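The primary structure of each chain is shown beneath.
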Amino acid sequence: DAGVTQSPTHLIKTRGQQVTLRCSPKSGHDTVSWYQQALGQGPQFIFQYYEEEERQRGNFPDRFSGHQFPNYSSELNVNALLLGDSALYLCASSPRTTTGELFFGEGSRLTVL
Amino acid sequence: RKEVEQDPGPFNVPEGATVAFNCTYSNSASQSFFWYRQDCRKEPKLLMSVYSSGNEDGRFTAQLNRASQYISLLIRDSKLSDSATYLCVVNEYSNYQLIWGAGTKLIIKP
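Top line first, the protein sequences correspond to chains A and B. Counting with our numbering, you get residues 1 to 113 for the letters of the first sequence. Counting with our numbering, you get residues 1001 to 1110 for the letters of the second sequence.
Hints in this document: simulated from the structure, not taken from any laboratory. Everything numeric in this text was worked out from a predicted model, so none of it was measured. From the three backbone atoms N, C-alpha and C, an ideal C-beta is built for every residue, glycine too. Just so you know, not all the hints are guaranteed correct.
[Said to hold, decoys possible] Below, computed lysine-lysine pairings styled on BS3-like, alpha-carbon distance capped at 30 Å:
no., chain 1, residue 1, chain 2, residue 2
1, B, 1042, B, 1109
2, B, 1105, B, 1045
3, B, 1002, B, 1045
4, B, 1105, A, 26
5, B, 1045, B, 1109
6, B, 1045, B, 1079
7, B, 1079, B, 1105
8, B, 1079, B, 1042
9, B, 1079, B, 1109
10, B, 1002, B, 1042
11, A, 13, A, 26
12, A, 26, B, 1042
13, A, 13, B, 1042
14, B, 1045, A, 13
15, B, 1045, A, 26
[Claimed, not checked] Distance ranges between label pairs, derived from CB positions:
no., chain 1, residue 1, chain 2, residue 2, range
16, B, 1057, A, 109, 26 to 32 Å
17, A, 79, B, 1017, 44 to 50 Å
18, A, 50, B, 1031, 16 to 22 Å
With the hints as constraints, model all of the structure from the sequences given.
Spelled out as structure tokens, the structure:
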């Protein structure tokens, strides 16, 4: 049973560029949440997708957008990259009815130069 | 004031010792609470949920104090493998968002 998988694992971009990160949820999970984790900080909630729609959103600008596909996989897009976007981006999946247990992928480490 | 606050540590503790750390939360309407563990450069993993009556899982004990709005994690007979960052997580049912603390770093020394 595959867990949550994310790609790419590492990437380097320059300011102003755009990036797309991908996530496949754990089998049986239909809800995907994205988090940004800066070094030394806890994960910050970006948004959550269920039934191909954004259901909840954290305090992130519109440069951060996402998508969920019919197979529950998801993408996170970040436009006009800033140096401050450098972080570990974590995807977490869960069944819709969860009250708090999330299963995380290993993350995509983004460096913006 | 941050919504969920933790002492960042690091806590340097000898192997076999008992260590405890707290987490405070600001929203009194918070409904459920969790401790996650995150190893260096790895993803967070659920350690345990925190129930109102307190709960224990082997060497780990979690407690909730609603009046003072904090949760605690106690680790007994600490092992080298317990070295990690422990993240406190609060579920605010009003918006179904999980609010994460910044984590407490624990280092167990031989």
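Exercise. Kindly indicate which numbered hints from before are broken by the structure, ordering the numbers from low to high.
Key: Structure breaks no hint.
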